[in-house]
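Q: Here are the chains, one letter per residue:
2 protein chains.
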Amino acid sequence: MKPVLASSSVLSQLGRRAAMPTITRLMKMALEQPGLLSLAAGFTDNATLPVEALTEAVRALAARAGEPEFLQYGTNQGRPSLRRQLAARLTATEPKLDAAAMEKQMLITNGSQQALYLAMQTLCDPGDIVLVDRPSYFVFLEMLAGLGVRAVSLPTDADGRLDAAALDDRLTELSRRGEAERIKAVYFISYFSNPSARSLTEAEKNVLAEVLLRHGLVVPAVEDAAYRELYFDQPEDARSILSLKAWREFPKLYLSTLTKPFASGLKTGWGVCTDAPWLAAMLHVKGHHDFGTANFNQAICEWVLENGVFDAHVKNLRSVYAAKMRVLHAALENAGLHAGGWRWAQPGGGLYLWLEAPARLDTGMESAFCRACLAAGVIYVPGELCFADEVPRNFIRLSFGVLGAGELQEAGRRFAAVAGSGA
Amino acid sequence: MKPVLASSSVLSQLGRRAAMPTITRLMKMALEQPGLLSLAAGFTDNATLPVEALTEAVRALAARAGEPEFLQYGTNQGRPSLRRQLAARLTATEPKLDAAAMEKQMLITNGSQQALYLAMQTLCDPGDIVLVDRPSYFVFLEMLAGLGVRAVSLPTDADGRLDAAALDDRLTELSRRGEAERIKAVYFISYFSNPSARSLTEAEKNVLAEVLLRHGLVVPAVEDAAYRELYFDQPEDARSILSLKAWREFPKLYLSTLTKPFASGLKTGWGVCTDAPWLAAMLHVKGHHDFGTANFNQAICEWVLENGVFDAHVKNLRSVYAAKMRVLHAALENAGLHAGGWRWAQPGGGLYLWLEAPARLDTGMESAFCRACLAAGVIYVPGELCFADEVPRNFIRLSFGVLGAGELQEAGRRFAAVAGSGA
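Residue numbers (this note's numbering), protein chains in the order written: chain A, 1 to 423; chain B, 1 to 423.
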């Protein structure tokens, strides 16, 4: 008999669908061109990384009396005391929530990314639909594509706010085509969004729930609050959907991370899921992925939360990122980009400026503009990656996360030079 | 319109298939009965955990000149220098392997468990078949069930050795039923196996390849070497399938872990995949899972390997586990279990004794024997969980990993008392 040749023909449907993540392509580009300044990566700032705090945490854990359980396997769901603290923090912000219930509803994950993956794996079969914000997190959109799931945008108006009437029409249209029953979830980043830097108001969240209810779509809702702690001057005052009456009937997953506001290298995220069968399914699948996020990392997170180290760090981080945002903003502003027809808002938190270029300008990965930026030594995330449908070509995500102030100025200068040249 | 109620009806096929992992059930049992001695968990020994080494590693990383990149995001595939060291170690054991090629073929994962999950996700659709050793790793079998994949045993003879003639028959039978094309992979734990503590000889590995080739089944092969470093007196001298000529044509994934032989709390595993499209697919899906294992943990592993700390630790661990194995063995032996018709071999490595009870004795999770053990304050892993098909009820996996010598003696005494009473 003839042997089957080793090739992609041996792969599963999922294996064949998988494409190289853009994040990998962008990192390769950065590595291949030394001197390139990256406004692309949503990384945190090396200079802010809590080396002292980490060393102190490990020393303290090591000095504890008793057995070094922090180096042992942990549980699949995550350390009880870490879950308790995260629940208590959320209750401090949204007092009507029940901390004891949330501790039980919480799972600790390998960054919030794994919580997203588990959520989609347990809800969606290939061919299903997920409603997503517009623009949305491009890594999430690529994950959906990898799972064979179709993303459909929640329509927005000219100001980027949820357009309830247009959503009504879209859902009616999906229903007319017999596709409404394929809608398995709704996903949005509600605080200082990646990429738009916008936050959803309570009114917007409520309207979204009302429109979905009107269409009988009490589908699981995933609220991604990864950047909620990373406000600049004051927290966004909108409560999460966990607290909002309009969302009471919906199965909800609220998720966030200790990676972005503390140390990316720890890759520790978490989610609170209000629906028991859904939570159980996610935990069972996590049992198959890895049967528990690294216990050592969880113990460190637990210690820095317990000892106020996390809060002190994130407080400092806020002013650092606020200052860096202003540097990048000023570099673009001073180079005359506003006058050249570019539009962006100064955000109140997060890691991103979301730029709208003049309508005729294509900023896509394969565009002349993108190549000119690369040649000038600067990269960004093309906005086209962040849309599920009706993709505009003239948006750009710039991150002020990674670079220091001096480099940000230079990167902004390079970027603005290309933008100003009308490339 | 009537809202859909929050219930398991919202779940995907995968979400609905997921069942509570046995590992979770066993941990719950242990938590619910204080004083219970666990011969079940494949955990490592708290007393051996490398607290000093970990503290030293973190201190050394923190003291490095330059930016603290070890707290930043890493790459999806894993730290190059960690991959380089792991490849070099493997080459030191199997000199014909190409270290430079292996560094490129390697991915770092959240424990070896994630490598297994990625492998199966990218190879198997629901309804597909994976050939597994007999007995096999029960967490792997449950993962396959979760993915809707059917496990079919590689037949063994009375001594537990691969039975080539029986395998021939089984493959012929699968072919006759038109199911041979659903066979997507073969999986086996080749060094001090979990649960059987047996190692495969080169001859056995070669025979397996020959039978598969004879049936035209050049399917991806997954060799799980999680316990290879955990030999007692001398390493198992069989080379891996990466080196064996008989396996040359097969797409191969060889995987192992730094969790078992060092610190379970770090959850860091790795795999070498010889097939480019398969590796690419696994990396792409990993990009969706988490876009990279915690960089901090990888940096620690890198440091302890680089500085000989890992080798010193595992060297010590070998004698610790060898001694504990002898304690448990002696406790059973001295209680007269051999005379009572129980059979087991003293293994040359790993964490387990694999016991065959008298044929009439049911040791399953719901058996009177299991309940009697629980009542006596000791738990074990029922062997029935470790078989894909033709499940015998009279096997038991005992782990000497977790308990100290005194507790092992007591646990062995409790277990033997139940076994000797003919319950």
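Among the hints, a few may not be true.
Chain copies aren't distinguished; within one or between two, either way the pair holds.
Derived pair list, reagent style DSBU-like, types lysine-lysine, alpha-carbon separation capped at 35 Å [claimed, not checked]:
no.	residue 1	residue 2
1	K96	K28
2	K104	K28
3	K104	K245
4	K315	K96
5	K104	K315
6	K315	K245
Calculated directly from the structure, the hints in this document are not laboratory data.
Just so it is clear, the structure is predicted and the values come from calculations on it, not from any experiment.
Q: Run every hint past the structure and note whether it holds.
A: Hint by hint, here is what the structure shows:
1. K96 to K28: between (46 Å within a copy, 31 Å between copies)
2. K104 to K28: Between copies only: 14 Å across, 41 Å inside.
3. K104 to K245: within (21 Å within a copy, 52 Å between copies)
4. K315 to K96: The answer is within: 25 Å in one copy meets 35 Å, while 54 Å across copies does not.
5. K104 to K315: Cα proximity of K104 and K315: one copy only (28 Å, versus 41 Å across).
6. K315 to K245: Only inside one copy: K315 and K245 sit 31 Å apart there, 59 Å across copies, limit 35 Å.
In the structure shown, no violation is registered for any of the earlier numbered hints.
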